[in-house]
Amino acid sequence: MRDPRYDILFQPMAIGPLTAKNRFYQVPHCNGGGYRDPSAAAAMRGIKAEGGWGVIFTEQTEMHQTSEITPFIELRLWEDKDIPGLRKMSEAMKTHGALAGIQLAYSGINGPNFYTKEVPLAPTALPIRTFTNDPVQARAMDKSDIRNLRRWFVNAAKRSKLAGFDLICLYGAHGFGIFQHFLSRATNQRSDEYGGSLENRSRFAREVVADMRDAVGDTMALTMRVSLDESIGDLGFSNAEVREFIEMNADLPDLWDLAQGTWEDCSGPSRFKEEAAQEVLVKGIRELSSKPVVGVGRFTSPDVMARMVRQGTLDFIGCARPSIADPFLPKKVEEGRIEDIRECIGCNICITGDMTMSISRCTQNPTFMEEWRKGWHPEKIAARGESENVLVIGSGPAGLEAARALSLRGYDVALAEAGDAFGGRVARERLLPGLSAWGRVMDYRLYQIGQRPNVQMYPGSELGVEEVLDFGFQNICVATGSQWRADGVARQHVVPMPGLGSLPAFTPDDLMTGRMPAGRVVVYDDDHYYMGGVLAELCAKAGCEVTLVTPAAFVSDWTRNTLEQGAIHRRLAEAGVKIVLNTGVTALRADGVEANCAYTDARRVIEADAVVLVASRASNDALYHGLKARRADWADAGIRSVQIIGDAAAPGPIAWATYAGHRYARELDTGVWGEDWGDTLSFRREITELAVD
Numbered sequence: 001m002r003d004p005r006y007d008i009l010f011q012p013m014a015i016g017p018l019t020a021k022n023r024f025y026q027v028p029h030c031n032g033g034g035y036r037d038p039s040a041a042a043a044m045r046g047i048k049a050e051g052g053w054g055v056i057f058t059e060q061t062e063m064h065q066t067s068e069i070t071p072f073i074e075l076r077l078w079e080d081k082d083i084p085g086l087r088k089m090s091e092a093m094k095t096h097g098a099l100a101g102i103q104l105a106y107s108g109i110n111g112p113n114f115y116t117k118e119v120p121l122a123p124t125a126l127p128i129r130t131f132t133n134d135p136v137q138a139r140a141m142d143k144s145d146i147r148n149l150r151r152w153f154v155n156a157a158k159r160s161k162l163a164g165f166d167l168i169c170l171y172g173a174h175g176f177g178i179f180q181h182f183l184s185r186a187t188n189q190r191s192d193e194y195g196g197s198l199e200n201r202s203r204f205a206r207e208v209v210a211d212m213r214d215a216v217g218d219t220m221a222l223t224m225r226v227s228l229d230e231s232i233g234d235l236g237f238s239n240a241e242v243r244e245f246i247e248m249n250a251d252l253p254d255l256w257d258l259a260q261g262t263w264e265d266c267s268g269p270s271r272f273k274e275e276a277a278q279e280v281l282v283k284g285i286r287e288l289s290s291k292p293v294v295g296v297g298r299f300t301s302p303d304v305m306a307r308m309v310r311q312g313t314l315d316f317i318g319c320a321r322p323s324i325a326d327p328f329l330p331k332k333v334e335e336g337r338i339e340d341i342r343e344c345i346g347c348n349i350c351i352t353g354d355m356t357m358s359i360s361r362c363t364q365n366p367t368f369m370e371e372w373r374k375g376w377h378p379e380k381i382a383a384r385g386e387s388e389n390v391l392v393i394g395s396g397p398a399g400l401e402a403a404r405a406l407s408l409r410g411y412d413v414a415l416a417e418a419g420d421a422f423g424g425r426v427a428r429e430r431l432l433p434g435l436s437a438w439g440r441v442m443d444y445r446l447y448q449i450g451q452r453p454n455v456q457m458y459p460g461s462e463l464g465v466e467e468v469l470d471f472g473f474q475n476i477c478v479a480t481g482s483q484w485r486a487d488g489v490a491r492q493h494v495v496p497m498p499g500l501g502s503l504p505a506f507t508p509d510d511l512m513t514g515r516m517p518a519g520r521v522v523v524y525d526d527d528h529y530y531m532g533g534v535l536a537e538l539c540a541k542a543g544c545e546v547t548l549v550t551p552a553a554f555v556s557d558w559t560r561n562t563l564e565q566g567a568i569h570r571r572l573a574e575a576g577v578k579i580v581l582n583t584g585v586t587a588l589r590a591d592g593v594e595a596n597c598a599y600t601d602a603r604r605v606i607e608a609d610a611v612v613l614v615a616s617r618a619s620n621d622a623l624y625h626g627l628k629a630r631r632a633d634w635a636d637a638g639i640r641s642v643q644i645i646g647d648a649a650a651p652g653p654i655a656w657a658t659y660a661g662h663r664y665a666r667e668l669d670t671g672v673w674g675e676d677w678g679d680t681l682s683f684r685r686e687i688t689e690l691a692v693d
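Note that UniProt numbering gives residue 446 to position 446 of the sequence shown, counting from 1, and the numbers run on in steps of one.
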């Protein structure tokens, strides 16, 4: 039963000629599928409709061939043949009474047009602004170009209507949309009626909205997404100016969609951004217009959501990442099941799907983007197969997710943990600087398992082969995790690093268990995800004189895909960490480390009292291989299957581990798991239809 405190979140509200059934608003977000995987993306949005969201949007949809952002994979609405795929998505969105929205994007100064080979168009001739510093410049639009662009927006609006959408979002935020490019003096340096004063810089937005209302406005709602603050100095579109813009054009769209300047600022990870971090930028804007306002801020708490609406800060609670972590968040609030919400941990693994042009993942929700590909539903799972019980060995993220999902299928589950506490790597990593929210991976699963009478938990139970054989379980799931290597083996060194033993060396596991270095410390990062930067920060806070050395061109290089690399560099610099890039460590010495240039191999010594080796991890797979060696004894022991999952099979990010645990539980007794790989694909995919010449 719903808590009355949250009633306000379920009040219907008008958006132009339409009415949203509640205040839960899934703002546009990418998913790595786009035009390549339209059925997968449609099914994902349809699950959110089932989960109770009142408004559901697509990701950005490129609306004309003259502006596209290859290699990134988004949706496209370039011609009529794009309509059927998008109609499939809108129909899925509306299956449970949600409003279906499409975000139309013209990327302008952000569109390199590598696929279409068209010359990019922008308000002012400037270099293309992309993540990859593409060596391309845009041509400044003349008046005929602007007239053409207005017509292209109208064409896209008409196609959006034919595709079955209720709302259109005009993208002018994060630096990516043409509307922001016209509004910002940084990208609009025109001297005609489209440049100069804010009224002139607003002209293009007013013209496009008027054009679109003439075409479809009586049946569709038009929303505008604008940046709250570009945060780039005097030339940027500031928070003060966005307020002036909204007051000047108060009734322009049917809803104002507010998001902080850059994507990195707007979708900052929990390590750097708290829930509702944009509240100070949003507060008071609602009073400038009679139109409703939606804002974002990684909202995970229904109390915060209700407060934002009750205080008049927002009319709709905008969610992207929280809607991924739990598509059923609104329904769980409505049903009074707050404790069952899978809270977003703000790790931004979901964003890496877009940044790496691959299908997205979610650490908390392993079914994300597998709704169509594998037929996985986040809240439903098939009943157990022929066998009855499973022994899960290891309680890290893979083991916990396997135990949780197996119990839902109806298996009797025993969860054995060698240590005294459950959680594995998550229990240790959540204590590191900025990673406390990651503990929700463990907390959610331990709570859910605790509600299941068919799961027995055994801490302090380090098992050997003989014990496993004696227990009589039918299925053995080995999820024993991994440990950080102490020999430096990773990418630079494929064999142990020379000089081991000549200088005190520490691993991430050492630091996470309280064994800390002192004095002058070199943190050698050949892992390139978050751990090296986090440990450098930890050592600096402990009073060490820290030098971070990495062969990569960036600190924590892979975190560029999670939108936090710049924030990590800034934090380390503020902590006094000396950062040495494009440099490896060739050997350890008594007086420090021998470093080499990644390009010239020029050598030098960096003096140090200790080194922290953030290299690769070794799987704890001895038990698995021991059981495999005793295969002849399985039948007598009643064992039907033995599988290894998660970091024990191959170390990776936490999202890889929860996915592995979930997949094991889903596929047990289905004939998929086994020593012999099948010859059929393990998921569904779509293939581009060949054109008829």
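Hints are not guaranteed to be accurate.
Cross-link-like lysine to aspartate or glutamate pairs, in silico, DMTMM-like; alpha carbons within 25 Å at most [stated by the list, open to error]:
1. Lys283 <-> Asp303
2. Lys578 <-> Asp621
3. Lys158 <-> Asp192
4. Lys273 <-> Asp303
Simulated from the structure, these hints should not be mistaken for lab results. Computed from a prediction, not measured in an experiment: that's the story for all the values here.
Do the hints match the structure? See the list:
{"no.": "1", "hint": "Lys283 <-> Asp303", "in the structure": "holds (17 Å)"}
{"no.": "2", "hint": "Lys578 <-> Asp621", "in the structure": "violated (37 Å)"}
{"no.": "3", "hint": "Lys158 <-> Asp192", "in the structure": "violated (30 Å)"}
{"no.": "4", "hint": "Lys273 <-> Asp303", "in the structure": "holds (18 Å)"}
Against the hints set out earlier in the document, violations occur for numbers 2, 3.
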